[in-house]
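First to last, the sequence lines map onto chains H and R.
Counting from 1, one number per residue, gives the positions in the first sequence under full-length UniProt numbering.
Counting from 1, one number per residue, gives the positions in the second sequence under full-length UniProt numbering.
It is worth saying that the hints were derived from the structure and are not from the lab.
No residue lacks a Cβ here, since even glycine has one placed at the ideal position from N, Cα and C.
Quick look at which bits of chain H chain R covers, simulated, 3 or more residues with Cβ under 8 Å:
hint: 1; segment: 203–213
hint: 2; segment: 226–235
hint: 3; segment: 281–292
hint: 4; segment: 301–307
hint: 5; segment: 328–341
hint: 6; segment: 347–360
hint: 7; segment: 399–408
Residues from chain H that keep clear of chain R, each with C-beta distances beyond 12 Å, as calculated:
hint: 8; residue: 19
hint: 9; residue: 52
hint: 10; residue: 54
hint: 11; residue: 65
hint: 12; residue: 103
hint: 13; residue: 267
hint: 14; residue: 377
hint: 15; residue: 381
hint: 16; residue: 459
There are 2 protein chains.
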Amino acid sequence: MTIEPVLKQIDLDLDAALERLMGLLKIQSVSTDPAYKDEVSKAADWLVDDLASLGVTATKHATPMHPMVVGHVGDDSDASVPHLLFYGHYDVQPVDPIELWDHDPFKPFIEDRDGKKVIRGRGTSDDKGQLMTFIEACRAWKTVHGTLPCRITFLFEGEEETGSPSLVPFMEKHADELKADIALICDTGMVAPGVPSIASQLRGMLKDEFTLYGPKMDLHSGHYGGPAVNPLKEISRIVASFHDDDGRVAVEGFYDDVIDIGDNLKSQWETCGFDEAEYMENAGLTESAGEKDYSILEQQWSRPTLEVNGLWGGYQGAGSKTVIPAEAHCKITCRLVGDMDPDDIRVKLRKHVEDRLRFGTTVSWDNDLEGAPASVMNTDRAEFEQARQALSDEWDREAVFVGMGGSIPIAGLFKTVLDMDAMLIGFAAEDDRIHSPNEKYDVESFHKGIRSWARVLAALS
Amino acid sequence: MTIEPVLKQIDLDLDAALERLMGLLKIQSVSTDPAYKDEVSKAADWLVDDLASLGVTATKHATPMHPMVVGHVGDDSDASVPHLLFYGHYDVQPVDPIELWDHDPFKPFIEDRDGKKVIRGRGTSDDKGQLMTFIEACRAWKTVHGTLPCRITFLFEGEEETGSPSLVPFMEKHADELKADIALICDTGMVAPGVPSIASQLRGMLKDEFTLYGPKMDLHSGHYGGPAVNPLKEISRIVASFHDDDGRVAVEGFYDDVIDIGDNLKSQWETCGFDEAEYMENAGLTESAGEKDYSILEQQWSRPTLEVNGLWGGYQGAGSKTVIPAEAHCKITCRLVGDMDPDDIRVKLRKHVEDRLRFGTTVSWDNDLEGAPASVMNTDRAEFEQARQALSDEWDREAVFVGMGGSIPIAGLFKTVLDMDAMLIGFAAEDDRIHSPNEKYDVESFHKGIRSWARVLAALS
Numbered sequence: 001m002t003i004e005p006v007l008k009q010i011d012l013d014l015d016a017a018l019e020r021l022m023g024l025l026k027i028q029s030v031s032t033d034p035a036y037k038d039e040v041s042k043a044a045d046w047l048v049d050d051l052a053s054l055g056v057t058a059t060k061h062a063t064p065m066h067p068m069v070v071g072h073v074g075d076d077s078d079a080s081v082p083h084l085l086f087y088g089h090y091d092v093q094p095v096d097p098i099e100l101w102d103h104d105p106f107k108p109f110i111e112d113r114d115g116k117k118v119i120r121g122r123g124t125s126d127d128k129g130q131l132m133t134f135i136e137a138c139r140a141w142k143t144v145h146g147t148l149p150c151r152i153t154f155l156f157e158g159e160e161e162t163g164s165p166s167l168v169p170f171m172e173k174h175a176d177e178l179k180a181d182i183a184l185i186c187d188t189g190m191v192a193p194g195v196p197s198i199a200s201q202l203r204g205m206l207k208d209e210f211t212l213y214g215p216k217m218d219l220h221s222g223h224y225g226g227p228a229v230n231p232l233k234e235i236s237r238i239v240a241s242f243h244d245d246d247g248r249v250a251v252e253g254f255y256d257d258v259i260d261i262g263d264n265l266k267s268q269w270e271t272c273g274f275d276e277a278e279y280m281e282n283a284g285l286t287e288s289a290g291e292k293d294y295s296i297l298e299q300q301w302s303r304p305t306l307e308v309n310g311l312w313g314g315y316q317g318a319g320s321k322t323v324i325p326a327e328a329h330c331k332i333t334c335r336l337v338g339d340m341d342p343d344d345i346r347v348k349l350r351k352h353v354e355d356r357l358r359f360g361t362t363v364s365w366d367n368d369l370e371g372a373p374a375s376v377m378n379t380d381r382a383e384f385e386q387a388r389q390a391l392s393d394e395w396d397r398e399a400v401f402v403g404m405g406g407s408i409p410i411a412g413l414f415k416t417v418l419d420m421d422a423m424l425i426g427f428a429a430e431d432d433r434i435h436s437p438n439e440k441y442d443v444e445s446f447h448k449g450i451r452s453w454a455r456v457l458a459a460l461s
Numbered sequence: 001m002t003i004e005p006v007l008k009q010i011d012l013d014l015d016a017a018l019e020r021l022m023g024l025l026k027i028q029s030v031s032t033d034p035a036y037k038d039e040v041s042k043a044a045d046w047l048v049d050d051l052a053s054l055g056v057t058a059t060k061h062a063t064p065m066h067p068m069v070v071g072h073v074g075d076d077s078d079a080s081v082p083h084l085l086f087y088g089h090y091d092v093q094p095v096d097p098i099e100l101w102d103h104d105p106f107k108p109f110i111e112d113r114d115g116k117k118v119i120r121g122r123g124t125s126d127d128k129g130q131l132m133t134f135i136e137a138c139r140a141w142k143t144v145h146g147t148l149p150c151r152i153t154f155l156f157e158g159e160e161e162t163g164s165p166s167l168v169p170f171m172e173k174h175a176d177e178l179k180a181d182i183a184l185i186c187d188t189g190m191v192a193p194g195v196p197s198i199a200s201q202l203r204g205m206l207k208d209e210f211t212l213y214g215p216k217m218d219l220h221s222g223h224y225g226g227p228a229v230n231p232l233k234e235i236s237r238i239v240a241s242f243h244d245d246d247g248r249v250a251v252e253g254f255y256d257d258v259i260d261i262g263d264n265l266k267s268q269w270e271t272c273g274f275d276e277a278e279y280m281e282n283a284g285l286t287e288s289a290g291e292k293d294y295s296i297l298e299q300q301w302s303r304p305t306l307e308v309n310g311l312w313g314g315y316q317g318a319g320s321k322t323v324i325p326a327e328a329h330c331k332i333t334c335r336l337v338g339d340m341d342p343d344d345i346r347v348k349l350r351k352h353v354e355d356r357l358r359f360g361t362t363v364s365w366d367n368d369l370e371g372a373p374a375s376v377m378n379t380d381r382a383e384f385e386q387a388r389q390a391l392s393d394e395w396d397r398e399a400v401f402v403g404m405g406g407s408i409p410i411a412g413l414f415k416t417v418l419d420m421d422a423m424l425i426g427f428a429a430e431d432d433r434i435h436s437p438n439e440k441y442d443v444e445s446f447h448k449g450i451r452s453w454a455r456v457l458a459a460l461s
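Only chain H is shown next, with the shape it has when bound in the complex (with noise of 0.2 Å):
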């Protein structure tokens, strides 16, 4: 079967296709609001349906809050034809704030901007036009060639923008239907434009989030001021202490799990087309406030952190208040790399701020949030090699294996619950808006998507 008529059928059934996904991306599958419940059920049967139409059996399987989709395609009978088990999601982001959206979210259409034609509206990117580059790209071959070139299994989940509560214990009660010989995830992005990118490593996750108690009740500042034990100022203390001034995290044995990455992928990434100063002023941001002798990238993907997302107390409203507030609250995330433990750095961070109470000051912490370790793919597969090269040939660049500054526990999940390995290929680009008000996909995104997907089954197969 060759590869070559596959890919012209792409290229001639794109405007089909184009018009199929907008069948999708109109179905308002907003995951974590309940008043959507419905249409999140609406697209999985869309999903199923559409499956069906490239022959796939899939099934819409209930959970305690949205649908999975499993559908089977090719022989099981063969050993050695390659079993692959591909992963999307179809549901979405909320479209708050949807005043700042220029036509409403869930009319998609396409655009010609500056001679780039961008398909817009929510899930666009985010992940329905990802996830469909890879059901076309089946479609393509089935078309071409009346059969797969791979045995493939497909896994579409309707709660990734909501926490996937129903997906470990999912994956867990269909094991043995969900086991393949490697997991594909189309839900990332390029590392710059025209540059194709497997993302090789993944920063793992711990929240945490503390109360600090001083006085046992407001007090007033002129009574109470310069006797009576700040929280807010001991906070920040506090807070101050978890970096030193070169920006590394200061907490003890932070970094003994860490792993260097290596010259060969540091090597690889100076040139993988990363671009620093664009990515520092899409922020804003003059110069790196990271960790000395680090690259921005490397500061990005493989060094770990310790961020504060929250921090207050006190009096907010307008004005003054003359206040000595009974407590200040702190919400931390830290970025996993290497072998870094979640529970193990919990118990440290703790430990650096218990050790650090002055003043009959107590602390509480909170113990609902959760933490995975760092993800990193396993690049030695055969596959890996075989989806650069398609990947390469695609996009007439070298494809490059990038890292990835946030979490994806999918990927996680896979190796721990079905002891699968998982690679991530996406096409996303970096001005996409996922999860912001007016997400587009550039219809190059998905031509393209469609056309390395097609090239990946062949070199898989």
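The hints should help you fit chain R onto chain H, whose structure is shown.
Chain R in isolation, oriented as in the chain H frame:
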């Protein structure tokens, strides 16, 4: 004219005096809420009538907000008769949170609490009950001797609890009418139960507020955590830098104009009856966080402070949000002593912050917040020793000159606007719960307060 029959008249008339006070307490003169505008006006009318009943011609003067009541009594032709201005305020704090009151705040009554009688209701202590101690003392003098021992101007304000916006313009416009030899103010408390107290110094105040700006928008802590400057981290570092490890304010030049109180006042304070242990325990404090080498009383009364009253930025809701916020906020008040100039301290404080900005962060300041210097009473004047002696006689305990950690702007305004010294004498108890639910005033404070003023009038005459 002798004092003894006046004191006897006060004792005989106590029940009637309490009944009169109830009349004033029932009026809902909440100055800060426009819904109570008529009630505030009604309280002014009540005072005009009550002054008339003791032969004082009083006038209600309209202002842009609430009325001023000014009354005069005594012969202005004899320069040897001392001329006193008495100041009190007849407006009260709002009653919120109303659900924490054990009774209707405006249905005052007398309660027997473990053998001690207390007057309960909003304004009993702050300041209607205190104000009436002076009026009742005048009434007793008038009843017994047909005249008062001093010439007196009464000034009653209805805006004290809402920042006194009309006070300075009114004082300026009516300067000739208001100017007297000395002002008497009854709006303070006793340093300990049964210890008559003259407040001889009040701390001043400087208010300021800044916003620290980092990235140009909220960032994702996965995508930008590491390279991006975090305003919460930066503001914490700056707030932590406000003090050194000994509790001293580390702003350069902050203490330049502090004046040491001297050994005489210091030894008076040491024996004034202030109970440090109880003061700390009342606030749930186990040890002082103030400046080393200063007593708790000195930290509260004679040392300047820099307090953060509000600090906030980022996400404050339930759970976690992986945000690096674009900005962070800090509200500050400084308590000032000696010759510290609010404008000078503002400049120094701002320089301290601006000198510590890093990584392209910027700062903006709220320029609408005022300041006022400390007030030190002119205790060298003969009236202070005369009053001290009169109070000592009444309470059978040496009266003391005390400091106050808070600020009472009116004392300073008499000096700056009318070039008139002021003397602050009051009978409120530490547990009167002013500004809070279940405000009360001890019947003993009221009764002996009236007797105290009767003696002070005799002593000053």
